[in-house]
Amino acid sequence: MLAQLLLNSIHNGVYPGHYRYLCLLIGIATAVHFNGYNVPLNLTNRLLHLLPGSSLLWQMAACILTSLFYWLTAIYMLRYILKLLLMYKGWMYESRARGSQVSLKTKIWFSLLKIFSGWNTPKLYSYQGSLPRLPLPSLQDTMERNQAARAASSIYSVLVFRRLIERQELEPIRIQGVVPLCSWQYERTFNTTRIPGIETDKICHWSDSNHIIVYHKGRYFKVIIYKGRILKPCELQVQMQQILDDKSTPLPLEEQVAVLTAAERTHWAQVRRKHFNRGVNKVSLDAIEKAAFFVTLDNFPYEFDMVSTHINCKAYSKRYFVFK
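If you're matching positions, the sequence shown starts at 1 in full-length UniProt numbering and goes up one per residue.
What the hints contain is simulated information worked out from the structure, not anything from laboratory work.
On a predicted model such as this, the values are computed, not experimentally measured, just so you know.
C-beta atoms are modelled at their ideal positions from N, C-alpha and C, and glycine is treated no differently.
A hint or two may mislead.
Pairwise CB distance ranges, derived in the manner of DEER restraints [unchecked claim]:
(1) T261 x I224: 21 to 31 Å
(2) D245 x M1: 18 to 28 Å
(3) K83 x E255: 55 to 65 Å
(4) K83 x E187: 51 to 61 Å
(5) R265 x Q168: 25 to 35 Å
(6) S9 x N210: 52 to 62 Å
(7) Q168 x L131: 45 to 55 Å
(8) V283 x A263: 16 to 26 Å
(9) D246 x E94: 16 to 26 Å
(10) S103 x S154: 38 to 48 Å
(11) E235 x L2: 52 to 62 Å
(12) M1 x L131: 18 to 28 Å
(13) L131 x S103: 17 to 27 Å
(14) M1 x N210: 25 to 35 Å
Derived lysine-lysine pairs resembling PhoX-like cross-links, with alpha carbons at most 20 Å apart [what the hints assert, rightly or not]:
(15) K274 x K202
(16) K222 x K290
(17) K89 x K105
(18) K217 x K247
(19) K282 x K202
(20) K290 x K227
(21) K123 x K83
(22) K222 x K282
(23) K247 x K227
(24) K222 x K202
(25) K202 x K105
(26) K89 x K114
(27) K222 x K232
(28) K83 x K114
(29) K107 x K89
(30) K83 x K107
Let's have the full structure, built from the sequences with the hints guiding it.
The following block contains the structure:
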């Protein structure tokens, strides 16, 4: 195993070269030298002046060192050529559809890449020394976030999880893989709300719901999530972006209406019976309570204070005063 690792390291270290090319260069340099010719730069004779002798053994050593120098020089030149070729990104933006034409520039680039990387069969990590450095994005680019896309992706993932529950495709939780725990609470994760009562509250669960409620800047939006199938993330993203781009202002007291859920439950039940049992109020409340789940699109960032932790709880909890 250690021998294989060592051979792989040597192979990757000299890629795209190969030791057989070194042997070939040694043979050529030895033949040229002993036939009375000079290698390029007369490197063999220069090395002989630095070595302690000029016997046959030292002349062979000079030929080997000369070959090693040219071999390593060729390897590093090929690596830098590969690195320069791999910096070209134009091929990424060309169509790969059937019948489409590849540009002449890309064809030439592809041919050169095949030529300069075809000297040896690469192993898993052989190209690591030839790959160009990955460019780091600017700080401003890393701070830009697509809220609509993130919200749509999250909503879709939650809907897929809801479908797993409805189809009972999730395995029950079992302690140490043997003792099962109750799974009924999964059912109440979605399509469920707590209805206030004069004496006791009541948990209401609906078998299905084809919409969610999205809260943004004090406004409530009913968003369809199911039309014969779960809407795709790109379809959900369009609806999220429409909500974010909506410049309308909340209706009078619309921003504060959810605070009623934080009131004393008997008082909230009485207000509900009196003001939310007919008309637009009832329709709106039914849409909220029968939604699959509730989504909040925050319009400002939350900062976490390590010193005053009570401020964090106060800030984060404000958005959870909703009907669900």
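Taking the hints in turn, this is what the structure says about them:
no. : hint                    : verdict
1   : T261 x I224: 21 to 31 Å : holds, 24 Å
2   : D245 x M1: 18 to 28 Å   : violated, 60 Å
3   : K83 x E255: 55 to 65 Å  : holds, 57 Å
4   : K83 x E187: 51 to 61 Å  : holds, 57 Å
5   : R265 x Q168: 25 to 35 Å : holds, 33 Å
6   : S9 x N210: 52 to 62 Å   : holds, 59 Å
7   : Q168 x L131: 45 to 55 Å : holds, 47 Å
8   : V283 x A263: 16 to 26 Å : holds, 22 Å
9   : D246 x E94: 16 to 26 Å  : violated, 39 Å
10  : S103 x S154: 38 to 48 Å : holds, 40 Å
11  : E235 x L2: 52 to 62 Å   : holds, 55 Å
12  : M1 x L131: 18 to 28 Å   : holds, 27 Å
13  : L131 x S103: 17 to 27 Å : holds, 23 Å
14  : M1 x N210: 25 to 35 Å   : violated, 58 Å
15  : K274 x K202             : holds, 18 Å
16  : K222 x K290             : holds, 11 Å
17  : K89 x K105              : holds, 11 Å
18  : K217 x K247             : holds, 10 Å
19  : K282 x K202             : holds, 18 Å
20  : K290 x K227             : holds, 17 Å
21  : K123 x K83              : holds, 17 Å
22  : K222 x K282             : holds, 14 Å
23  : K247 x K227             : violated, 27 Å
24  : K222 x K202             : violated, 24 Å
25  : K202 x K105             : violated, 70 Å
26  : K89 x K114              : holds, 16 Å
27  : K222 x K232             : holds, 17 Å
28  : K83 x K114              : holds, 13 Å
29  : K107 x K89              : holds, 13 Å
30  : K83 x K107              : holds, 18 Å
When the structure is compared with the earlier hints, violations turn up for hints 2, 9, 14, 23, 24, 25 and for no others.
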